[in-house]
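There are 2 protein chains.
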Amino acid sequence: MTKFVYLFHEGNSNMRELLGGKGANLAEMTNIGLPVPFGFTISTQACNAYYEAGKEISPEVKEQIEDALYELERKTGKILGDQNQPLLVSVRSGSVFSMPGMMDTVLNLGMNDQTVEAIAHLTGNARFAYDSYRRFIQMFSDVVLQIDVYHFERLLEETREQKGYTADPELTAEDWKEVIIKYKEIVKEHTKQDFPQDPKEQLFLAINAVFDSWNNQRAIIYRRLNKIPDHLGTAVNIQSMVFGNMGNDSGTGVAFTRNPSTGEKILYGEYLINAQGEDVVAGIRTPQPIQVLSKDMPKVYDQFLQISQLLEQHYQDMQDIEFTVERGKLFILQTRNGKRTAQAAIRIAVDMVNEGIIDQQTALLRVDPDQLNQLLHRRIDDSYERQQLAKGLPASPGAATGQVVFDADEAEQLGNEGKKVILVRPETTPDDIHGIIASQAIVTSRGGMTSHAAVVARGMGKACICGCEALKIDLDAKQFSVGNTIVHYGDVITIDGSTGEVMLGEIPMIDPQLSEEFQQLLSWADETRQIGVRANADNPADAKKSLEFGADGIGLCRTEHMFMDIKRIPIVQEMILAETSEERKQALDQLLPMQQGDFEGIFLEMKGHPVTIRLLDPPMHEFLPDKEDLIVDVTKLQLTEPNSAELKRKEKLLKKVQQLAEFNPMLGHRGCRLGMIYPEIYEMQVRAIFNAVAKLTEQGMTVTPEIMIPLVGHVNELKRMRELVINIANQVMGEQSMHFDYTVGTMIEIPRAALTADEIAEQADFFSFGTNDLTQTTFGYSRDDAEGKFLQAYIEQKVLPENPFAVLDQQGVGKLIQTGVSLGRQTKPSLKTGICGEHGGEKKSIEFCYQAGLNYVSCSPYRVPLARLAAAQATIKHGIVKEQMTVASK
Amino acid sequence: MTKFVYLFHEGNSNMRELLGGKGANLAEMTNIGLPVPFGFTISTQACNAYYEAGKEISPEVKEQIEDALYELERKTGKILGDQNQPLLVSVRSGSVFSMPGMMDTVLNLGMNDQTVEAIAHLTGNARFAYDSYRRFIQMFSDVVLQIDVYHFERLLEETREQKGYTADPELTAEDWKEVIIKYKEIVKEHTKQDFPQDPKEQLFLAINAVFDSWNNQRAIIYRRLNKIPDHLGTAVNIQSMVFGNMGNDSGTGVAFTRNPSTGEKILYGEYLINAQGEDVVAGIRTPQPIQVLSKDMPKVYDQFLQISQLLEQHYQDMQDIEFTVERGKLFILQTRNGKRTAQAAIRIAVDMVNEGIIDQQTALLRVDPDQLNQLLHRRIDDSYERQQLAKGLPASPGAATGQVVFDADEAEQLGNEGKKVILVRPETTPDDIHGIIASQAIVTSRGGMTSHAAVVARGMGKACICGCEALKIDLDAKQFSVGNTIVHYGDVITIDGSTGEVMLGEIPMIDPQLSEEFQQLLSWADETRQIGVRANADNPADAKKSLEFGADGIGLCRTEHMFMDIKRIPIVQEMILAETSEERKQALDQLLPMQQGDFEGIFLEMKGHPVTIRLLDPPMHEFLPDKEDLIVDVTKLQLTEPNSAELKRKEKLLKKVQQLAEFNPMLGHRGCRLGMIYPEIYEMQVRAIFNAVAKLTEQGMTVTPEIMIPLVGHVNELKRMRELVINIANQVMGEQSMHFDYTVGTMIEIPRAALTADEIAEQADFFSFGTNDLTQTTFGYSRDDAEGKFLQAYIEQKVLPENPFAVLDQQGVGKLIQTGVSLGRQTKPSLKTGICGEHGGEKKSIEFCYQAGLNYVSCSPYRVPLARLAAAQATIKHGIVKEQMTVASK
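Here the protein sequences come in this chain order: Y and X.
Quick note: the first sequence uses the UniProt record's numbering, first residue 1, plus one each step.
Quick note: the second sequence uses the UniProt record's numbering, first residue 1, plus one each step.
Derived from the structure by calculation, the hints contain no laboratory data.
All figures in this text were calculated on a predicted structure; none of them were measured in a lab.
Hints should not be assumed to be uniformly reliable.
Which copy? The list can't say, so a pair holds if one copy fits it or any two copies do.
Computed list of lysine-lysine pairs in BS3-like fashion (alpha-carbon distance at most 30 Å, straight line) [said to hold, decoys possible]:
#: 1; residue 1: Lys227; residue 2: Lys828
#: 2; residue 1: Lys188; residue 2: Lys815
#: 3; residue 1: Lys652; residue 2: Lys627
#: 4; residue 1: Lys627; residue 2: Lys648
#: 5; residue 1: Lys798; residue 2: Lys55
#: 6; residue 1: Lys798; residue 2: Lys192
#: 7; residue 1: Lys567; residue 2: Lys648
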């Protein structure tokens, strides 16, 4: 005979499939000897049998339920429907996978016109008893009888109005009695029958209803969305109710075994004497710290302390425990792993290792890398309630407060005076760099996550919000408005670059914390991980920060930001506007020593750690003034100063800008396509790199630069560019009479490169997957356009599961990465592979990269700690993916 | 003993690998009894033996050569070096694969100070004899002795100057004798030895030199480029020289067995009496038509006629034959398949089938689909020598002459007056449509192959040149200039849209020809091909043309061109500028009957053939005025009429345009992303389609539209849009109380769609590979930008083998197509697949599509005949690729 019903002590935590999550946990707690209110679980098998029998509970199951109920009554000394010691039970669903709020629950079952009086008598609280009864009627009617709660709520509202009450707690026992009479009328009206008074009838109706709820609309949709199989079925848990409001020897509370904010090892929680959970939630009475319980009920407190330690040991994690004391007797209602801040998560994980409770691998898995982000940036105090003025794209994390300025020069001026400013612009250009440097944060009303402002701010670790379209900026009036609110030059605002929120005034902040425990955890991560973590860094300051944050090297050093320096931009423009190759070379000759200085600075900071340098990538027009501004200037000058030299100059400039303008610059003349058409630019850059290497080699350092060619789509491009690099290297070695090593590789950021990686690998020492651009081309999304126009709607409407620019799309982009790695290694088994898109700092993407066999990930310096942890977790979860991977290959 | 040397009659055409192409052909002609000057071939094996022996001819090979030479002397009655009947031979290389001009040849070998006099005596032409001798010295010195020809040419030039001659033919026999003396001095100076007088020494030196030439620099590079293996080696052909200038019973000529211009079956050629090939080339004497030979030498003519028929029969193709008559004896020097015009190719192929010479399949393979293009468009007479003024991108084929206009309204006005005009603009917009319709052709100075002008012109079959940057257009002055040439309004120009050339004045044209033979050939193609050919057509006129050109249906009906109609644009703009969904619906309600009319017209023309309709694809801002023009207008108005209503209106418009503007519109808010965010637009379009279907169904027609969702990248997009289509279909069927069939499919034009085709196929009845966009995203090229900026250089420098927008990139884009088809059919074996990019009309791409298992290709109506032929050729070459393909599935 199949066993369909399990008393709590007959189960354990391994029987989730049969008993559901909740049932298995109640069973586990019962078995380790905790005082859990007694009860039993009807298995998921019974649910399936119910459906197979055409939605009917078989006599066999029914009999087992009645047997279990009998046991329950025996253990509790209470009897369902008894007029002196009535048993009240809760009936709850519980499936294998948590489906919060998707299925139904009935509390206080067993209430009827008789037992309510017994409860009133037992609790000495008639108001509570009748309120519980009317709640039961309402809940039962909703879940079991399918009567819309709206009818009950309308009635309640009318009653309140009639009596002149503003809230439910004002209703007296007598009021509730009246309400109950009318509630029962509603039931009669809808079901043409009286509200069931027989508690056994109530019980079986409720069990049926829970089984039925497995297939209600929202449960079906939830399962489909979360890919939970339909055949699992739900279990039903019947548990005796306990009450914390049976007098001053009763109470209820919640406690964490350790402080969930700081991680400190001390019982942390609160409780209310003579109260139920609902009272705590209602907030009418102020709960006491849990420690007060030791004075109120010392024995109960000691027992609870012991139990909390037992639970922590048993579950090997910090627990969040709900308890009730009924007439001096402690009941544990629920325990689960407690939610905690990042700081607490780290401290608890490390402490538990030191206490011998868990091992290092478990500790590493205990901290969610996503949480770490908040520890690495200044952030708004969580306790502060935010008043959001406007919301844009969260372009660069961190929070900042400052006076609003609308112009880079003003920002620099005030910044130099020691003032904190936030630069607010429609969008930024290379001309604004000095203003960005001087500002605490940047806000733009246009542009997306890869706009100039966003990229520069992320590189500098400054907070930034982009595409905040609600801001109507009036540069002439030096103000911006959001609806009726006007913010003037000099007004103070606070922004949160992690959420995209703009707020008025100054808001309390918390500084980044890099605790000892954090360092300890990361050092364990480094010992564990089998995939390298590098940083994207473009200047000596970022290089320094990268090493501080524990990067193994630089995975992406972009050279275009070096071009955008305010002092260099005129020379860069000269180079672009050159009519001949000769003129261009003259400008490049001026840039050469500057770039060489950049590389020397970076190499010095990196102390011999590897540095991957990407040659110039963006299209030329990014270095020129804005086309539309020029059109306005020229049009104005044509009307006002038609013969001026200024007009001629601007007309000429506009012509060149128009000539270089592109319909789709993202897919235009950039990356190695620049190096192919204007080899002199790449030659200058490569010479600057090798001159720097030569100089440092002379000083006794060993520097092995990895030169990376961007945007390769055909092996012939890489072949040509590789030849260029080798030529210059030989020239420099000849000139300096020395030898140094270097490698030449490519970005894989175009689908065609991944698809033909076998050919491309012939010319490459390494591949670095540029997943930002690869995502753009694989999806056919321009990130700047998509994020402002349709991507948000796609994510909200679940068309896409996640933003593919934040979390790597494994099915599409990931397939190209797998193809790229496998074709590449087919040609060159020793090929080094990495990823340098923003996904390199995202945990799921890092896990994917590890499984795909990449040698390293590279991300913003500020995400390096996160990546180190995520890399360790991936290694723990999946074991060693590739034998050839050694720490050396990181 | 290995046989290294073959007399011509010992070989045949199957021995190409051993004898090389030339040797095998000479052997073949000899064997079928043609009077080929006698000779022998030293095999490629001998070449390899030469290299294996360290560049030495082994005694064994040497002996075989001497034996063959002896045979040659015996047969010709001439002896190498003989002072009365000297044998002169040519020594030529000949490898398996033709490597034109890559290796060396020596003519007139056997000449020395003695034999030259014998030749002078025998020919009665001392000038010829000495000229031949000095040519031999020069050629031998170059090829064998490695003396730079520059030395000989400089000497010849000095001699001409001294003597006051302007050209070589003025030199007398005496002059040549002087030159020879000096030539020999040059040889002595460089080699420190006399010019070799022993003909046998000459012969072996020449053979060595030919062997050596297999590994000269240019031959190695040529082989690498053409992937010819290095180990093949070259054969050497030794053949006795014959002379057509030995008197009036001698002569030389060239003849085609059929007319190479028209295909008419008549011997077509020319000859010169008492002359050598060189004399024909030099052009001093005018050759006679070949028919004159029948009067001059009736017997020789008859023999030649017979031989020409024999050769045609033997090679089963029209032959291009070189012959020489030496003292009344006919020699055939060479025969090869003759080059011919498209018209001739078709006629010859069809005639030969009718004459029983070849079968239909062979006939189909004889015509190059690429050639057909010229027959389907008006074109410039090939005999006219072009004077190109400027060159742009060949955006739409065909040629046209007309008066230059600079504005769409002017174009319409003059067009209505019956004048032929060519519209010249910096670029065109939807506002110019009426002007484009009224014009013969379009020229723009900006934009690429997918610019508005290009797309519209190709759709209309009008000639178009885009991105012709050399044109400096001054719209105010109504003129354009190219360098110093100024073309005014009303001046006549001619353009060739197939080459991109702009020319001054009117140029003679040839009208398109669709001969009876052409129709015949295409009907054979239709019987043969196993892949459907559809047309891209957006309006009833194009639909009609598609059927005329033999399309099986419409593979791509773009709906955006319907929006661009001059009368509709204001309503479309109203729709876009709508602030609310309600306002938008009002505008859409106005568009609904118009779109319905479009579809009715197309369905009617297509007479039940399938029609695939793509819902709106381009981003909204394409329908709005140009942003930069608006900026200029607003700036001007701000200065001149700051309070005008016009300024307010334009400012508002500019704001909306700026709001809709995108950084990379190609990757922006377009395709189904429009339908997802503004479902009301797609709903209107789908309703218009189904209303049209309902109306025609009522009239007794059967119309089964195929509704195509563009730019799908994730299955959820297609799922949602499919639901939208089904909803509207059900609504219309309900309203009309009728049933009709339809299918819903998608474009595969984003890499991610191909990579996840298994999922997408769950929601698709068909896939249509949009290879234009798929090429853009797979390469990361914006076509508009790439073609003007770097793509041309890439192709010229052989970075890319071909323009991937013209010829499908099989390695990259093709791999995605294969992935898409195989994943799609994995989910849905019956999935119909096609291609609708421009590659659908390109022969190599069609061959690839057939091999990839696609059911159809779709291309411009004007390329349909080409595609039908190419589809037949693919079927013949590769057999039936997939069993499931039947004519029905086309």
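Consistency of the hints with the structure:
1. Lys227 <-> Lys828: For lysine 227 and lysine 828, the Cα distance is within 30 Å only across copies (22 Å; inside one copy 39 Å).
2. Lys188 <-> Lys815: Neither: 61 Å inside a copy, 69 Å across copies.
3. Lys652 <-> Lys627: both (12 Å within a copy, 21 Å between copies)
4. Lys627 <-> Lys648: both (16 Å within a copy, 23 Å between copies)
5. Lys798 <-> Lys55: Neither: 33 Å inside a copy, 73 Å across copies.
6. Lys798 <-> Lys192: neither (42 Å within a copy, 86 Å between copies)
7. Lys567 <-> Lys648: Result: close within a single copy only, 25 Å intra versus 40 Å inter.
Hint compliance for this structure: hints 2, 5, 6 are broken, all remaining hints hold.
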